[in-house]
Amino acid sequence: MDPDSVYLSSEMPDRADHLWKYTSWKKAHPTGNVREIPDTVSSPKIVLKTIDGSSLPEGISLVHDQTEFDDLPNEEIITKSFMQSVTEDSKFTLSVDPKFKSAIPIVLDIQSNGNYCAAHLCLKIGRLAEFELVTIIKGECEWFGLMRTGSTGEGSVCNDVFVNKLSKGVTLRVESISIPRNSQFKSGTVSSGSTLTKADLRFRMFEPGASLNVLGSILSAGRMSLDHHIEIYHDSPETFSRLDWNSACGGSSKTIGTGMLRVSKGSSGADAAQLFSNLLLSGDAQADSIPELEVSEHDVVGCGHGTASGPVDENQMFYLESRGMSPRESRSTLIAAFLNSTLSEMGGDLMHGWLVSELEDDLNELGY
Amino acid sequence: MSNGDEAILEVRGLKVGIEDTPILKGIDLRIPKGEIHAIMGRNGSGKTTTANVIMGHPAYDVEEGEILLDGENLQEMEPWERSRKGVFLSFQYPQSIPGLQVGNFLRKSVSSVRGEEAARGSEFREKLNQAMEELDIPKSFLSRYVNDGFSGGEKKRFEILQLMLLEPRLAVLDETDSGLDIDGIRTVAKGINSVVKETENGALIITHYSRILEHVNPDRVHVMIGGRIVASGGPSLAILLEENGYDWLEEQVANGVDFE
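Taken in sequence, the protein lines are chains A and B.
Heads up: the first sequence is residues 1 to 368, going by this note's numbering.
Heads up: the second sequence is residues 1001 to 1260, going by this note's numbering.
Accuracy of the hints is not assured; some may be wrong.
[Said to hold, decoys possible] Computed footprint of chain B on chain A; a stretch qualifies when at least three of its residues, placed anywhere within it, have a C-beta under 8 Å from a C-beta of chain B:
no., region
1, 309-320
2, 325-334
[Claimed, not checked] If you want the footprint, here are the derived chain B segments under chain A, 3+ residues with CB under 8 Å:
no., region
3, 1090-1100
4, 1199-1209
[To be verified] Ranges between beta-carbon positions, derived for each pair:
no., chain 1, residue 1, chain 2, residue 2, range
5, B, Leu1068, A, Asp349, 43 to 49 Å
6, A, Gly114, B, Lys1127, 53 to 59 Å
7, A, Gly251, B, Arg1186, 36 to 42 Å
8, B, Lys1197, A, Ala308, 29 to 35 Å
9, A, Gly348, B, Arg1125, 20 to 26 Å
10, A, Gly53, B, Glu1126, 31 to 37 Å
11, B, Ser1140, A, Asp284, 37 to 43 Å
12, A, Asp284, B, Ser1178, 38 to 44 Å
13, B, Glu1243, A, Asn364, 56 to 62 Å
14, A, Asp349, B, Tyr1093, 27 to 33 Å
15, A, Gly251, B, Tyr1093, 29 to 35 Å
16, A, Lys265, B, Arg1120, 44 to 50 Å
17, B, Leu1068, A, Asp284, 37 to 43 Å
Keep in mind that the hints were calculated from the coordinates and are not lab data.
Just so you know, even glycine gets a beta-carbon here, dropped at the ideal spot from N, CA and C.
All chains should be modelled from the sequences, with the hints used to inform the complete structure.
Have a look at this one:
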């Protein structure tokens, strides 16, 4: 069945579902009419480059009109079929050769186009590749959909950071990434863009030695609503995952972080932990974090989850003010520090420096 | 280098409480330029409150009295304004701030207190390198997060590193010697001396022990009991106190003994 038919014949999701509890599909849909698939969805302009403007090394390329991906278990059929429909003419494959190495982070610069814009990006990472990738979306569209699927290569090391710099509108982000034997994958999310974000991020470790770090630095203000759902599957022995998700929310904004950690039977030696931390910057801001575990294997190293929320610490404020920083600067410094705790883990020095600079811009733009 | 009558710090009739509980019941203290004074006292006597109130901690209510720095009343100033005027507090328990790198924090602090120029270029780097060397702090320290995972000794050295870079008019050091071994005390004392001795700056050292005072040679020692300064004298008062204890001192004060 083609994706259009799959989508239109599917039952629309229930608000009681874990995934749709806080942001309904109606809100994440481009028009709000969930029974339609808009035919005016444009393809964005995507440029592959290096973070410092130097020439792109050989062994990495972006190809239009090609996608291939493995299905992950429990994928959300609605978003998947919908995204497949609207990206029919907007498919890209990022191919990375085996043993590709780059000390300079690679950037996928995605500029939105038109009111509704979407792309399907397939990651095809060769074995033993080692590199850092920043996927950044920019522009002013009303709705942006990004589906990223694919697999990392055996023994590869990849730091993959997604940055949302859209100035307004709705972002729907769907990810399904498979991580094979001895592959280390870091997935960072830096988000302070869009008025509403609905993200469904799924990762599956399907061979021994696979390792995953999921990191979030989320900053919201005004009436923004940023909803991230992260599912991590341990489907093989000796797999490792960590989820550290920091959200700072001010104004009357809302951040949501829902985590689902599934350890299947037979995944002995799995080591997993999830931590959601929220910094509340105003009385009207709201942060919801719901980590969940489904552990079907008893022989695990550990499977833990936690969540913490609180306002800016008054003692930390006093400490910084005692060093001459004004209340505004102290507060801004503490927000940046909170977000940097996860930001600094996303990549090497070059990428980190770039991300910090982006974060400082965001803090200024959002009035912190 | 004591400079006679001109005071850096003058505290007059200071009464302070927290949530309706009186803590300081009338403190008078005067530190002339170039002098180091020490305050000793039991736990709960009001030493840390005195330090925090001088820095302007918002949790305390100043009910009566004045705090003057170089003749200027600090009372209406916020902590950051006091810092920019030249007050520095070395915290007994410095805050850890995960995510804020030491190097970045030092630059921001120096820029805030001494101006942007002071935090730029080779002069800042040289000063930083020299201070770190004197305090035996490795370069790798700069990329760590502020006080995050620091040992007790590292925290105290880091406070003194800030003191050396900020060059305050008045350094208030709240139990900077606690938790330090002999070498640590010597190193920290060296840092304090480099900022205060032979200058017109001043320092107020709060401590339980006379050990650090052996290395910084205070001009005056004050003893606090129950929210009041009950005795003041020369450096020998610290030794007498350590040898005989607070009960003895209270007895002496009750008998009208003057330690001047």
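(request) Kindly confirm whether 37 to 43 Å is satisfied by the beta carbon distance between serine 1140 of chain B and aspartate 284 of chain A. (result) 42 Å Cβ-Cβ, so the 37 to 43 Å window holds.
(request) Confirm or reject the claim that glycine 251 of chain A and arginine 1186 of chain B have a C-beta distance inside 36 to 42 Å. (result) 51 Å, violated
(message) For the hint 56 to 62 Å, verify it against the beta carbon of glutamate 1243 of chain B and that of asparagine 364 of chain A.
(response) 59 Å, holds
(request) Please test the hint of 31 to 37 Å on the beta carbon pair from glycine 53 of chain A and glutamate 1126 of chain B. (result) 33 Å, holds
(message) Given a hint of 43 to 49 Å, does the C-beta separation of leucine 1068 of chain B and aspartate 349 of chain A actually sit inside it?
(response) Roughly 47 Å apart at Cβ, these two residues keep to the hinted range, so it holds.
(request) Test coverage of the region 325-334 of chain A by chain B using CB-CB distances below 8 Å; three residues minimum. (result) Per the Cβ count (7), the hint holds.
(request) Check whether three or more residues of the region 1090-1100 of chain B sit with their beta carbon closer than 8 Å to a beta carbon of chain A. (result) holds (count 7)
(request) Can you let me know if the beta-carbon spacing of glycine 114 of chain A and lysine 1127 of chain B is within 53 to 59 Å? (result) 55 Å, holds
(request) Please test the hint of 27 to 33 Å on the beta carbon pair from aspartate 349 of chain A and tyrosine 1093 of chain B. (result) Since aspartate 349 of chain A and tyrosine 1093 of chain B have Cβ atoms about 31 Å apart, the given range 27 to 33 Å holds.
(message) Can you tell me if the region 309-320 of chain A counts as covered by chain B, using C-beta to C-beta distances under 8 Å and a minimum of three residues?
(response) holds (count 7)
(message) Does the beta carbon distance between lysine 1197 of chain B and alanine 308 of chain A stay inside 29 to 35 Å, or does it fall outside?
(response) 45 Å, violated
(request) Evaluate the given range 37 to 43 Å for the C-beta pair formed by leucine 1068 of chain B and aspartate 284 of chain A. (result) The hint (37 to 43 Å, Cβ to Cβ) holds, given that leucine 1068 of chain B and aspartate 284 of chain A are roughly 42 Å apart.
This entry does not satisfy hints 4, 7, 8 and 16, going by the numbered hints stated previously.
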